[in-house]
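K.L.:
Sequence:
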Amino acid sequence: MKNPLPQLWNRLVSRPAAALRNAVTVQVRSLTMAIQISNANKWRDLFNPLRGLTMSRAVNYLEEGERGAYADLQWLYRFIEKRNATLRGGKRSLLSAVSEMDWEIKTVEEKRLPKGYTQAQAEAQATALRSAYDAISNLTEAIEFLGLAEFRGFAHLEMIEGNVPAWLDGKPGIVELRPVQQWYWCRDGLNGAWAYNSGARSGSVKGEPVDMSRFIVREIDDPINEIALIAFVRLQMGRKDEDGFIESFGVPSIFAVMPQNVPAGQETAYQDLAEEVISNSRGALPYGSDIKTVDAGARGVAPFRSYQEALEKEIVMAITSGALTMLAESGSGTLAGGAHSETFMRVARALARRITAALQAQFDKKILAAQFPGQPALAYFEILANEEVDTGEIIKDVAGLKDAGFDVDPSQVEERTSYKVTRSPVQTPGKGIPPPLPNRATTADGGDAEREPQDITEDMLAASLDEMLSGMQADFKPVAERLQELLTDAQSEEDLQAGVKLLMEDLPKLAAEVGASDATVTSWQKILGAAAANEAVAV
95 MKNPLPQLWN RLVSRPAAAL RNAVTVQVRS LTMAIQISNA NKWRDLFNPL
145 RGLTMSRAVN YLEEGERGAY ADLQWLYRFI EKRNATLRGG KRSLLSAVSE
195 MDWEIKTVEE KRLPKGYTQA QAEAQATALR SAYDAISNLT EAIEFLGLAE
245 FRGFAHLEMI EGNVPAWLDG KPGIVELRPV QQWYWCRDGL NGAWAYNSGA
295 RSGSVKGEPV DMSRFIVREI DDPINEIALI AFVRLQMGRK DEDGFIESFG
345 VPSIFAVMPQ NVPAGQETAY QDLAEEVISN SRGALPYGSD IKTVDAGARG
395 VAPFRSYQEA LEKEIVMAIT SGALTMLAES GSGTLAGGAH SETFMRVARA
445 LARRITAALQ AQFDKKILAA QFPGQPALAY FEILANEEVD TGEIIKDVAG
495 LKDAGFDVDP SQVEERTSYK VTRSPVQTPG KGIPPPLPNR ATTADGGDAE
545 REPQDITEDM LAASLDEMLS GMQADFKPVA ERLQELLTDA QSEEDLQAGV
595 KLLMEDLPKL AAEVGASDAT VTSWQKILGA AAANEAVAV
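Taken in order, the sequence shown gives residues 95 to 633; the numbers are from my numbering.
Read the hints as simulated data drawn from the structure, not as lab findings.
Zero decoy hints are in this set.
In silico EDC-like pairs for lysine to aspartate or glutamate, Cα to Cα no more than 20 Å straight-line:
#1 K460 x E252
#2 K595 x E579
#3 K459 x E203
#4 K620 x D600
#5 K407 x D316
#6 K459 x E252
#7 K460 x E476
DEER-style ranges, computed between Cβ atoms:
#8 A350 x E157: 53 to 63 Å
#9 Q275 x V608: 27 to 37 Å
#10 D196 x Q465: 17 to 27 Å
#11 F398 x V274: 35 to 45 Å
#12 D316 x E198: 22 to 32 Å
#13 L596 x F466: 42 to 52 Å
#14 F398 x L478: 39 to 49 Å
Every value quoted in this text rests on a predicted model; they were computed, and no experiment measured them.
Note that CB positions come from ideal geometry on N, CA and C, so glycine has one too.
Just need the whole structure built from these sequences, with the hints factored in.
P.N.:
Here it is in structure tokens:
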């Protein structure tokens, strides 16, 4: 039987620990570029494409996209994704469903291995791939961004190189898959070469040449937002007409009938009095006056609601590839709601498989070609889209860990099983009575009886390592919060350097807040010092 410890250590310790370390170095390295882009493109930050948006302008943007000028179209896509509730809900639900799926590195089945290659070679490739993915600090964000191509038509991830943590291999490698927003890209023609439009210039199909071997690209020929944009413009026009209809006919029309024998010349005074009473919905009129209202049915049925529902269903159909509403309609019952949920998960699983294919073709291939030249791919990355969680097995594992003397975080149990759980009261042994050793049981006469040691399974060991990592992340939390504030507030390179210096001075105080050891403080100082020094040299 294979020893599971190396694989578990890579999967459960290296991956989160690498993310903690890279969160410092990568974010510090990224800050300068973020500031430069922000300063260069403030004009676009102030440009709201929804102002004066008409169907003619929307179609013009779509035509620009067909010839490779994406800046204005993609900027408009960003706004409609934020403003239309149906599109926003579908986007968030679909991308979060994919990002919540686990991933794994798998090997080709032994019986399917190419002639002349062994399972040991496949395991070696799997170890290399696992280390490569573990070193990426923003893998979840990168997967979501590749999924965003489903809505916007394309997505680019730049492979950023840096120093891989020593507990992986310590060599230079890819540490981040950095999203490059869609409005910074252009191409000369529908199938032209990709170019970088650094100024996000409107209507531009010419940009800076880019080495595409450094990018992971996912393209979609029929993106959801093309349909959503047309529906959005029509929805806005319909709502404008509906607002006018409500303003004119929302309040029933009221007419006052004057009494008979109104003195000559007093008609205007009577009319002014009647209008005042009608406008305030209260008051007194002369004897013989009458109030008449127009029956609501006489105004006819307003078509706006059904029109809007039809357009919203178009957006939902584009997202789900079928007639599915985000929520079960009134009166449809739980069966329809369950069918809708299953259809939505089918779409999410299909998207996960397409993202998996993009990473296999462009990231796995690059890593394996560099480390195993001449060998076919015997291992591969996969988002686990089709693997269902067996709640019963999880509960058995938790119980086994408890019997072995391990505690499991209730939040992890709730996340994996959807059960609301609380910790049972701890039974403390009586005063003066030492607790039994873990591998011994107390007999009826108070003596000790030998008991077979508990076998620690892979899953039990994995859960224990997860708990240890939770402690590591808790120790790092105050530093991470300060670092996030620094990255958000810094406006220049000088602000960044000053902020890092102040943070290093405050490290002992932050360590005291969580009870971190002196060794932890020293490691923090080394990480921050190295990251700041690297950035200063790069600048």
